[in-house]
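Colleague: Residue numbers (our numbering), protein chains in the order written: chain S, 1 to 270; chain D, 1001 to 1270; chain C, 2001 to 2270.
If you are wondering where the hints come from, they were derived from the structure by calculation, not from laboratory data.
Each hint should be verified, as a subset may be incorrect.
Which residues of chain D face chain S? A partial, calculated answer using Cβ under 8 Å [as the list claims (entries may be wrong)]:
#1 T1029
#2 A1046
#3 A1048
#4 D1054
#5 G1176
#6 L1248
Don't be surprised by glycine CBs; every beta carbon is placed ideally from N, CA and C.
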Amino acid sequence: MNIRQLASKLQEVRDRNPLVHNITNVVVTNFTANGLLALGASPVMAYAKQEAADIAGIAGALVLNIGTLNEVEVEAMKIAGRAANERGVPVVLDPVGAGASAYRTETARSLLSAIRISIVRGNAAEVANLIGRDWAIRGVDAGATGGDVVGLAKEAALKLGTAVVVSGATDIVSDGTRTVAVHGGDAFLTRVTGAGCLLTSVIGAFAAVCEDPVEASVAALATYSVAAELAASRTREQGPGSFQIAFLDRLWSVTAGDVERLGKAEEIEG
Amino acid sequence: MNIRQLASKLQEVRDRNPLVHNITNVVVTNFTANGLLALGASPVMAYAKQEAADIAGIAGALVLNIGTLNEVEVEAMKIAGRAANERGVPVVLDPVGAGASAYRTETARSLLSAIRISIVRGNAAEVANLIGRDWAIRGVDAGATGGDVVGLAKEAALKLGTAVVVSGATDIVSDGTRTVAVHGGDAFLTRVTGAGCLLTSVIGAFAAVCEDPVEASVAALATYSVAAELAASRTREQGPGSFQIAFLDRLWSVTAGDVERLGKAEEIEG
Amino acid sequence: MNIRQLASKLQEVRDRNPLVHNITNVVVTNFTANGLLALGASPVMAYAKQEAADIAGIAGALVLNIGTLNEVEVEAMKIAGRAANERGVPVVLDPVGAGASAYRTETARSLLSAIRISIVRGNAAEVANLIGRDWAIRGVDAGATGGDVVGLAKEAALKLGTAVVVSGATDIVSDGTRTVAVHGGDAFLTRVTGAGCLLTSVIGAFAAVCEDPVEASVAALATYSVAAELAASRTREQGPGSFQIAFLDRLWSVTAGDVERLGKAEEIEG
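Using the sequences and the hints given, assemble the complete structure.
Modeller: This is the structure in structure tokens:
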């Protein structure tokens, strides 16, 4: 994994300004759209079944997020997902709160079986629940971790047939064969609602310009972590409100050079 | 009402990090979640009837807010409310805009009759409309006040069989027997959408760690007012955008000591 | 078009604090409400068909935005629109993404035929698609412009029988007879989601206090552009997160004097 090469993907996102179609939850729509705009991508939210296929078909990536799911939206997700599959548009899934209710777990699984997903991003509990392994979860936020996250990511990738990103203090990316750890970021991210959801959409933006799902994910994670570190260094004394705004600023101003200099990704041996 | 004892509830919220289940309006979801995260609680939004009971059952408090209600959500609110009642989870209701349309007034009343509510928080017009008293209302924001707010809070508490918080320049809390006035806060709160809705959810967070609804409400109001004052003192010259961000910062950094030093709550005689 | 007279409309918005009823998309509700509150108007979001007429009937303006439309909301829009028409409440339409999907284009047209609309605001591609002219569109953001925007605005106004605002680097307002160009603003607005949607709602606030749709639009655009310029001058080095907050601050602090001094509107010869 060459960090310089990955960092160059950021410039590609900005140059190509990919359209990212999000069917996401009502809590994070605004922050997701602003984060994608700051980064240099172009967000579109379209939830109606009448237009889900039209929009997914012209998008560079489709991001599905079950944070506040309902039946109508799940139907739209499937329509959009199939249209994306037909046109080769990568689909990224965020199984928010999988495990917190049976409905979420089942919905996430039914999306995985109805649609060819490229990348799944969640915290350890969500990913574990997707593949039927026990893991502490409480609500939609990450439970205490410390388990074998690398093993979890690999196993999930093999079972789901997708690349898997397990977010945490260290993020793990795996497609079952290659596994990469991305260090960095900042704990303030856990005090901003939708920081995980936006990360999933940012992975979507990188997937739109980078065919390899592991590389797209690592490039996205490195960019995100570096932007968070730069934002936190200025707002440590203020709090999560100021951090949130500084983070949007940094998604806009972070350069490929910053990512190359500050990003910390390392491949993990088999 | 011992302010030192109330202030200690803030530390309890942070230590216990209660899960607050919100079924709230689409305008304020993000701000509500960020405010709860900043304070040290853990927000979850879950609206589907398929999971409303699951989530309410694991929550420390359930907050129902009718700000942009629709039939589907009202059904989910009732399912969640009954599950919360069965497990002894306190339920807080925000009757946003009760009186502004017949639909809102009727829905708020039907929730009050279907669910055992612990605390109702609204402005004077909303609370008055709930109990069939005339009070100026226009849209969802507070109308001109100046009526007998203390009498209103007491009467509403007795009629509704809940604790009642009437928000205004001075906030009044009553369960019909004890009545407390909480002073402070800042007029900038009226320029931030969802400041009242977030307050209701913050009351939910305190209710999750404090059994007495009056004490929980007073502790929440004192914390909220002090955080607002601290935020306003730094952003007076800038405006409501900067205030909003500083307020999130202060919900994170305000201490029990600040609340003890700056909070102003007084019990009202008879 | 007398800029001093237009600038005075800002003071009228603040003095009369008009209630603006928004049926808008889930991405921008919070920002729209905060922008209207900052400006001095009073936002209300109400989407249920059971109350859409009640709320529209007491509002100073009704704003319809199809950014994340669905069948249920479209029905509520028509109910609200008819109630507004009956009571002489001006209706402003934002055809977000018209042209990006057949569903959006058709919905926007069906609203235009079911309701008497006063003002339509969109980017060039959206407005062009409404009247069946080809124009580059991608997703919900403005495509490359450079066509005959003045001609487009005039033609659309005549065909639709409304005033039309075409947003861009220079904004064009036309009712088919009078045409006005408003210069200014800042490119940061294109990095804040909902900047166009909020503008439409701000036009609604001005329409509530100013009968002439062209004057209301020009006054709103001049105010908006000046607030954006003032906000950008302080946040140029930071980024779109800081700009967004400073912009809310400036909507609150910008004065009629600022608009008179810095606003740039010019009537365009027939």
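Colleague: Would you mind marking each hint as holding or not holding in the structure?
Modeller: Do the hints match the structure? See the list:
Residue-level restraint check for T1029 of chain D holds (minimum Cβ-Cβ distance to chain S is 4 Å; threshold 8 Å). Look at A1046 of chain D: its Cβ gets to within about 7 Å of chain S, closer than 8 Å, so that hint holds up. For the restraint placing A1048 of chain D at the interface with chain S, the shortest Cβ-Cβ distance is roughly 5 Å, inside the 8 Å limit, so the hint holds. Of the supplied interface hints, the one on D1054 of chain D holds, with its beta-carbon coming within about 4 Å of a beta-carbon of chain S, less than 8 Å.
About 33 Å separates the beta-carbon of G1176 of chain D from the nearest beta-carbon of chain S, more than 8 Å, and the hint is not met. A cut of 8 Å between beta carbons decides the hint on L1248 of chain D: the least distance to chain S is about 3 Å, and the hint holds.
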